[in-house]
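If you read the protein sequences in the order shown, they are chains A and B. First residue of the first sequence? That's 4 in this note's numbering, and the numbers climb one at a time after it. First residue of the second sequence? That's 19 in this note's numbering, and the numbers climb one at a time after it.
Simulated from the structure, these hints should not be mistaken for laboratory data. Honestly, I wouldn't trust all of these hints.
[Claimed, not checked] Only pairs whose alpha carbons sit at most 30 Å apart, straight line, appear in this in silico DSS-like list of lysine-lysine:
{"no.": "1", "chain 1": "B", "residue 1": "K271", "chain 2": "A", "residue 2": "K211"}
{"no.": "2", "chain 1": "B", "residue 1": "K76", "chain 2": "A", "residue 2": "K29"}
{"no.": "3", "chain 1": "B", "residue 1": "K155", "chain 2": "A", "residue 2": "K87"}
{"no.": "4", "chain 1": "A", "residue 1": "K310", "chain 2": "A", "residue 2": "K320"}
{"no.": "5", "chain 1": "A", "residue 1": "K193", "chain 2": "A", "residue 2": "K136"}
{"no.": "6", "chain 1": "B", "residue 1": "K210", "chain 2": "B", "residue 2": "K134"}
{"no.": "7", "chain 1": "A", "residue 1": "K238", "chain 2": "B", "residue 2": "K63"}
{"no.": "8", "chain 1": "A", "residue 1": "K89", "chain 2": "A", "residue 2": "K164"}
{"no.": "9", "chain 1": "A", "residue 1": "K113", "chain 2": "A", "residue 2": "K136"}
{"no.": "10", "chain 1": "A", "residue 1": "K112", "chain 2": "B", "residue 2": "K155"}
{"no.": "11", "chain 1": "A", "residue 1": "K89", "chain 2": "B", "residue 2": "K76"}
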Amino acid sequence: MKRSKIKLMEVCGTHTMAIARFGIKKLLPEDVELISGPGCPVCVTSETDIDRAIEICRMNDVIMTTFGDMMRVPGASGSLSEMKAKGHDVRVLYSPLDALSIAKKNPKKKVVFMGVGFETTSPTIAATVLRAKEEKIRNFFVLANFKLVFPALRAISESKKLNIDGFICPGHVSVITGSAPYERIATRYKKPCVIMGFEAADIIKGIKSLIKQIKSHESKAEIEYKRAVNRKGNKTAQDILGTVFKVEDTEWRGLGVIPKSGLKFKDKFQHFDAEKEFRIKIAKHKKIRGCICGEVLQGLKAPRDCKMLGTACTPSKPIGPCMVSSEGSCAAYYKYER
Amino acid sequence: MKDKITLAHGNGGRLMHELIKRLCLKFSNKILDEMADAAELEVSKKSLAFSTDSYVIKPLFFPGGDIGKLAVCGTVNDISMKGATPLFISLAFIIEEGLPISVLDKITQSIKEAAKKAKVLVVTGDIKVVEKGAADKIFINTSGIGVIDHSGRHIGAKAKAGDAIIINGPIAEHGMAILNAREKFGFVSNIKSDCRNLNFEVRKCLRASRNISVLRDPTRGGLATTLNEIADSSNLGIEIHEDKIPIRPSVKKMCDILGFDPLYVANEGKFISFVSAKDAQKVRRALGGSARVIGQVVSGHKKSVHLNTKIGSSRILQTLESDQLPRIC
Chain A
4 MKRSKIKLME VCGTHTMAIA RFGIKKLLPE DVELISGPGC PVCVTSETDI
54 DRAIEICRMN DVIMTTFGDM MRVPGASGSL SEMKAKGHDV RVLYSPLDAL
104 SIAKKNPKKK VVFMGVGFET TSPTIAATVL RAKEEKIRNF FVLANFKLVF
154 PALRAISESK KLNIDGFICP GHVSVITGSA PYERIATRYK KPCVIMGFEA
204 ADIIKGIKSL IKQIKSHESK AEIEYKRAVN RKGNKTAQDI LGTVFKVEDT
254 EWRGLGVIPK SGLKFKDKFQ HFDAEKEFRI KIAKHKKIRG CICGEVLQGL
304 KAPRDCKMLG TACTPSKPIG PCMVSSEGSC AAYYKYER
Chain B
19 MKDKITLAHG NGGRLMHELI KRLCLKFSNK ILDEMADAAE LEVSKKSLAF
69 STDSYVIKPL FFPGGDIGKL AVCGTVNDIS MKGATPLFIS LAFIIEEGLP
119 ISVLDKITQS IKEAAKKAKV LVVTGDIKVV EKGAADKIFI NTSGIGVIDH
169 SGRHIGAKAK AGDAIIINGP IAEHGMAILN AREKFGFVSN IKSDCRNLNF
219 EVRKCLRASR NISVLRDPTR GGLATTLNEI ADSSNLGIEI HEDKIPIRPS
269 VKKMCDILGF DPLYVANEGK FISFVSAKDA QKVRRALGGS ARVIGQVVSG
319 HKKSVHLNTK IGSSRILQTL ESDQLPRIC
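Starting from the given sequences, assemble the full structure and let the hints guide the process.
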């Protein structure tokens, strides 16, 4: 009798890319299948959130700033990169703190930071907001499109369509959150969780631990990245996040609205909220015909199932978000595995 | 958007190649169609190598060099990749009004030093000044001419099956040094651009073996893109080994942190030579300590480059598609 496959999901986009870059899939036993999950912040940012950023960017007195990855993501009316080519002021930053210097240098402009990311990135932006408050910078705003990893893991664990046997858990996020929240996923849903680093040896060792747990019918949260992650995580970063943001329902591309999965400004910090400052109405987005990114993000389909990949959709002319981000699963497949 | 030039048309990737092809078609001739780093001009039995390049870089000064040194070395290197001895270069400035003369002086001093080192003469030049905002501080164009000493051999765009591939030193230094200087990350590091003239190293290489088929400098688009161009033009496959590719730990770390693949990062002082397997070690020794044999040309998997990874797996190495951008997390 044929054994059924062991399905492991790599939650994080950096893992997706590392696995492809090292060629790890080719070395795994045939009955182990790796599925990419929703852990690329660019990919899961909803079309509405991107359209909002683009509309704000069209305004004369605005300097739009963001991380490089966001530049090429297409919304209904183009991407930030296209806005830049049309002459709008869009700048790529490496640290959100740079947005504050820009705001100070341009007191007559409104400097907006398009904030996306998981628990890894959001604390640095929360810290930037605290700094802006302290320095009384009034022309700095953030589009808060931050997401939390655990509600997505819960949604995937509860999905009847997808039967994941275990999670390859993100190393960077876990530095902040610690391993404790995974314990609940492991026990409640009987899904083994192993936190891994990003070197080839980290990933291979972590996959081995996952398979060992699955074969012995265990489901624990383990850390295979002890040089960076502990059980409690980074308390300072967690506190900063809690000071500035509150948890709300939010829309994920491909996954829909997940309850309590996003971070928005607390009332005390509302004057930094770009959504409130600009109040833009965004028309409902039409689904892109033929694009299967939604299913890819849920692990229901693989990039190789897409008919547009490599023909209509390439990294220079991406159609779906999974091709745009350097850590998206379609980009990883296009670049390393085709 | 389709009718506008975007930054992606200048990044060394696929769009740039499409644009170059489109423009070149207008001027199509036997010499240009070879699409080499420099043109080979036959003038009464002797051949000349002729090449041109424009230099736009931010910041103008960076660890390991500046726009002036780059403008000399870049053109000298392109000519050298044809196996030619570079002799003369032209120098044209497009300057934005308001540039301090002291900056121009510093740049020209550096051009003087680089030209002296490479043993080339600046024989003609031009200056244009444009309104503020019409250029970014200073742009430089240099063209260069070199003489090809054939001695019965031809350095071309085509590799041969069985050729070994040699690189003269560690990769990705120029691109990461520029990024570090431009964005002021504050990486406390010794990352310096590898910007330097390669004509004398190329000479050593050519003296060591008569069986060199291709010389190329992997600048924009990095090693991966250059190897793909060669695989494509030779209609052969290329195989390289990840653990043989030299890279400094500090450069690798910076790439890791930003999520950059060093194989796609620009170099300005590196070249790869394709040489018959029997001469590979001879050429490597001639190039000195940090040169490495990194792979070979194979007759299988035509027009594609395969990378054997450190952990014993393999994958395809594609051409750079779009600029590498730092990852979010």
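Here is how each hint holds up against the structure:
The suggested pairing of K271/B with K211/A holds, with an alpha-carbon distance near 26 Å, which does not exceed 30 Å. Taken as a hint, the K76/B and K29/A pair is broken in the structure, with Cα atoms around 41 Å apart against an allowance of 30 Å. With a C-alpha separation of about 20 Å, the suggested pair K155/B and K87/A falls inside the 30 Å cut-off, and the hint holds. For the hint pairing K310/A with K320/A, the CA-to-CA distance comes to about 15 Å; that is within 30 Å, so the pair holds.
The hinted pair formed by K193/A and K136/A fails the criterion: a straight-line CA distance of about 44 Å is larger than 30 Å. Only pairs whose Cα atoms come within 30 Å are accepted, and K210/B paired with K134/B is accepted, the gap being roughly 21 Å. Of the pairs offered as hints, the one joining K238/A and K63/B is violated, with about 76 Å between alpha carbons and a cut-off of 30 Å exceeded. Simply put, K89/A and K164/A have alpha-carbon atoms about 43 Å apart, too far for the 30 Å limit, and the pair is violated.
For the hint pairing K113/A with K136/A, the CA-to-CA distance comes to about 15 Å; that is within 30 Å, so the pair holds. Taking the CA atoms of K112/A and K155/B, the gap is about 24 Å. The hint holds against a cut of 30 Å. Taking the CA atoms of K89/A and K76/B, the gap is about 21 Å. The hint holds against a cut of 30 Å.
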